[in-house]
Amino acid sequence: MEAPILTINNLTKKFGPITAVNNLSFTINKGEIYGILGPNGSGKSTTLGMVLNVVNTTSGHFKWFNGTLNTHDALRKVGAIIERPNFYPYMTAVENLKLVCTIKHVHASKIEEKLDIVGLLDRKNSTFRNYSLGMKQRLAIASALLNDPEILILDEPTNGLDPQGIHHIREIIKRIAKQGTTILLASHLLDEVEKICTHVVILRKGIKLYSGRVDEMISSHGFFELKSNTHDLLMQELKAHPAFGKLKVHNGLITAFLNTPLAADVFNKQLFEKHIILTHLVQRKESLEEQFLQLTDTK
Amino acid sequence: MLRLLKLELQKLLLNRTSKMLIGISFILPFFVILLSALKINVFGLFTLNLGELGIFNFPVIWHLNTFFASYFKLFFAIVVVSMIGNEYSNKTLKQNLIDGLSKREFISSKCYTILFFSLLSTLLIGVISLGIGWYYSSAINLSHVLEGSTFLIAYFIKLVGFFSLCLCLAVLAKRSAFALAFLGIILIAEWILYGILSWNFEAETVAKIHNLFPLQSMYNLIEQPFQRIAMLKFSRQKIDLTYDYMVHFHEIAIVVLWTVVSIYVAYRLLKKRDL
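Residue numbers (this note's numbering), protein chains in the order written: chain V, 1 to 299; chain D, 300 to 574.
Chain D extracted, bound-state conformation (with noise of 0.2 Å):
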C-alpha cells in the first residue's frame, strides 16, 4: 500500500502544475478562514471583526469550516482528473502496466493518494478549526469537540467521494479537460431531472430522489450554514424552522455507495479496455 502511494505521490509531487494546485487546494481554504478570523480594520472605518458574529464559536465553527473548505477541494479534483489524463496523455499507463503494475495496482494507487489527501485535509481543517474555536470559545465541552469530529467525518467522506466520482469520470473520458465536462454536465443533469421530477410528483418524493443523486448527496452531507448563523443571531426571537444541519448517517450511506460505486466502475472500464 506504501509502495503505491509513494509511486503516485512521486507522479504528482515532481509535476509543477500538480504541485501548484496542491498547494493552492490546502492553503488557501486555511488563509482565507485564518485570514476571516483576524481582525480586520477596513482604512479606519471600522473594524471587521467576524468573530464577533458569534461564528467562530463552538460548535458553529465546525460547520462552518468545513462548509467553506470543501469548495476548495474543486482545485484537488483537477489534479485528480488529470493524474489519469496525463497517464493517457503521456501513454504511461500502458508503460507501467508492460512494467508490471497491475491494473487494480494503477487503481488502488490513484485511490490512496485520494484517501491521503482527503486524510490530510480533513485533519488540517479539524487542527485550524480547533485552533480558532478555541480561541474564540469561552466554554469548551467534550459535546462541542464530538459535533465537530461528526462535521469532520462528513467532510472526509464528502471528499473521497467527490474525488472518487472525478476519477471515474476521468478513466471514462482519457482526457482531463472532458472529464471536467462530465461533472459540469451531471451537475446540469441532476438539476433537470430534479425539475422534470418535481414537475410530476409532490415535493417530498422529489427531494427524497433528489437527495440520492450524486453530487446532490454530497453536497447534503455538510447543509448549508447560514441559517444556522442566523438562528444564532435571532436565538432569542422564536424561529418556527425545520432546518436539519446535522450529519445523518443515511446521508453518508449513500456517498459511500457512490464512492464504491465509482470505484469499481472505473476498475472495470480499466479491465476491459485494450491500451
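The shape of chain V in the complex, shown without the other chains (with noise of 0.2 Å):
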C-alpha cells in the first residue's frame, strides 16, 4: 500500500449559517489521480482551500503526508492553482515565477525547463497583464510545477478556456500524471474527470455523497440500444430474455438495460437465429455524467 499524500478527516467548515462542506474524510494516495466532482457551490474549492491553509477550519482536522510535515512545510511540496490565475499583472512571465521560486525556496534555473512544458517559453518577458486567459492558466500551471511537486492540485483548470485552450491544459495535465505525479483535479466538468482521473470524490452541498474508483462507481452492465423493422417482435424477445431488465422505447428506439454481462456478438447471433434482423444495434455504458447526475439529483 502506498503511502498516504494526505488525509482528511471530518473536515467541517460553516460560513455562518451555511455548511459549506460538512463532515468530509477522505484519502489521497501516491500515484493516483483524483477528480473532485460537484455542482457550483458543493464545497470543492472550500476544501481545498482548507488543506492548502487560506480557508480556516470550523473543525476537524487534515494532514499532509502521513503528518510527518507541518502545513506550511508540507505545501512546499504541493503545487497548486485555484480556479483563476492570480499573478502580479505589471511583472512578467519569468519575474512572477522568480517570485514563486523565492516563495518556495527553489532555484530560479526551473523557470525555464517549466515555461517549456506549458509552451510559454516565447513569450517569457511578456507581461503578465498582456495574457489571453490560457496564457495565464498555462502560466499557472507552469507556477505550480516550479518546485517538482508531489502533488499537483488543480482547482477547475479548464474553466472559461476555449474549446483549444481546454485541450492544451489536459494535454499538459495528462502528460505531467503520466510521469507519476499525484493529482488532485476539482471540476464540475465531467468528461474531464472521466478521461482524465482513476479515483473520485463526489460532493453535493458539502457533503461527500460517493468516494472510490471511476470505474468501480460505473457500477451497471450498461445497456444496448436496438432497432429493428419488426420491432414487435424484438419486444417479444426483449421481454422474454433473462438478461434484460428494464426496458424503454423512444422514437422506435428501444433501450434495454443488463442485469447480467451479455456481449453484443452472442446477443446479435442470438436474434439473427429467431429471424430478427436489427437495423441499429449499439452497446454502452452509462457515462459518468448519468450516474453524477443521478447521484446528485435524487437525494
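Here are the simulated lysine-lysine pairs, DSS-like style, with alpha carbons at most 30 Å apart:
#1 D:Lys318 with V:Lys124
#2 D:Lys473 with V:Lys136
#3 V:Lys208 with D:Lys393
#4 V:Lys110 with V:Lys77
#5 V:Lys136 with D:Lys305
#6 V:Lys174 with V:Lys63
#7 V:Lys63 with D:Lys393
#8 D:Lys571 with V:Lys98
#9 V:Lys98 with D:Lys570
#10 V:Lys14 with V:Lys63
#11 D:Lys570 with V:Lys77
A few chain V residues that don't get close to chain D, going by computed Cβ distances all over 10 Å:
#12 Phe26
#13 Lys110
#14 Met135
#15 Glu171
#16 Gln179
#17 Thr181
#18 Thr198
#19 Asp215
#20 His231
#21 Gln236
#22 Ala243
#23 Leu253
These are computed hints drawn from the structure, not numbers from a lab. We put the beta carbon where it would ideally sit given N, CA and C, even for glycine.
Reconstruct the complex from the two isolated chains, following the hints.
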C-alpha cells in the first residue's frame, strides 16, 4: 500500500449559518489521479482552500504526508492553482515565476524548463496583464510545477477557456500524470474527470456522496440501444430474455438495460437465429455524467 | 529575513507606481533641503540665504531636517497601503499563501520592508544633515552629533510607527483608498476627542491623554522647530517660555507600543480571515 499524501478527517467549514463542507473524510494516495466532482457551490474550492491553508477550518483536521510535515512545510512540496490564475499584472512571466521561486525556496534555473512544458517560452518576457486567459492558466500550471511537486492540485483548470485552451491544458495534465505526479482535480466537468482521473470524490452541498475508483462507480453492466424493422417481435424477445431488465422505447429506439453481462456479438447471433434482423445495435455503459446526475439529483 | 525582504522589494521595485512614489518620498525631501541650503538670488532683488538665519547650524539642523523630512512620509505611506491593497485586488495574497508563504511570513515581509525603508531614510537624512551642518557650523563638537542621534532615532521610530499603522489599516480595509480614508478618520477623530476632552477636563490632564493618541504621539516625537529657531534668533532677549523640544523616552515608548499593537492587530486580522 502506497503512503497517503493527504488524509482528511471529518473536515467541516461553516460560513455563518451555511455549512460549506460537512464532515468530509477521504484519503489521497501517491501516484493516483483524483477528481473532486460536484455542482457549483458544493464545497470543492472550500475543501481545497482548507488543505492549502487559506481557509480556516471550523472543525476536523487534515494531515499532509502522513503527518510527517506541518502544513507550512508540506505546502512547499505541493503545487496548486485555484480557480483563476493570480499573478502580479505588471511583472513578466519570468519575474512572476522568480517571485514564486523565492517563496518556494527553489532555484530560478527551473523557470525556463517549466515554461517550456506549458509552451510559454517564446512569451516569457511579456507582462502578465497582456496574456490571454489560456496563457495565464498555463503560466499558473508552470508556477505550480516549479518545485517539482509530489502532488498537483488543480481547481477548475479549464474554466472559461476556449476548446483549444481546454485541450491544451488537458494534454499538459495528462503528460504530468504520466510522470507519476499525484493529481487532485476539482471540476464540475464530468468528461474531464472521466478522461483523466482514476479515483473520484463526489460532493453535494458539502456532503460526500461517493468516493472510490471511477470504474467501480459505474457499477451497472450497461445497456443496448436497438432498432429493428420487426419492432414488436424484438420487444417480445427482449421481454422474454433473462439478461434484460428495464426496457425503454423512444421514437422506435429501444433502450434495454442489462442485468447480467452480455456480449453484443452473442446477443446479435441469438436474435439472428430467431429471424430478428437489427438495423441498429449499440452497446454502451452509462457515462459518469449519467451516474453523477443520478447521485446528485435523487437525494 | 533577507528572503522575505527580497520578495517584497521585487514586488515594489517592478511596479512603476510604487517605484515612483518611493523615489518621490526619498528624493524630494533632500532636494528641498539642499535647495533651501543654497544661496538663492531672487531675480537680482535680494539674496535668499536661509543659512544666515542660523537654522543650518548644529544642533538646530537635526531638529529642522527631521521635522520637515517626516512630512514626506505620506508618499511612502501610500506605498505601504498599496502594497497590501494590491495583494488583495490582484488576489496574489491568496496565491502567495498557496505557494507556501505563511501568514506570519507575509506580514513579516511587509514589516521588514517598512524597517528597511525607514532605516534608509534615516541614514540619508543623517548624512545630509551632517553635511550641511558641517558646512554652516563654525565649530563641531561631540554633543552636537549626539543630539543629532536622538533626533534621528525619533525620526526612525516615527516613520516605523506611522507605516505600521498604515499597514494595519490597509489589512483592515483591504483597499488602498479606504485605508487612507481611515487614516484621515483617525486624524479627525483624535481632534474631536481632544475637543470633547478639553470641554470636560483640565488642560493638563487633556494634554496627557492627547499625547497617548496614535497620530499625536507620533507628532510629539519631533516638535515643531519654529519656536526654537525664533528663540535662537532672539536669544539675547530673555524669553520666558516653557517649550520642551527634546525627544523623551516616554514619547518613544508610546509610539513603539502603537507600532507593536498595529502589527499584532494586522497579523491577527489576517490570521482569522478566510481568503
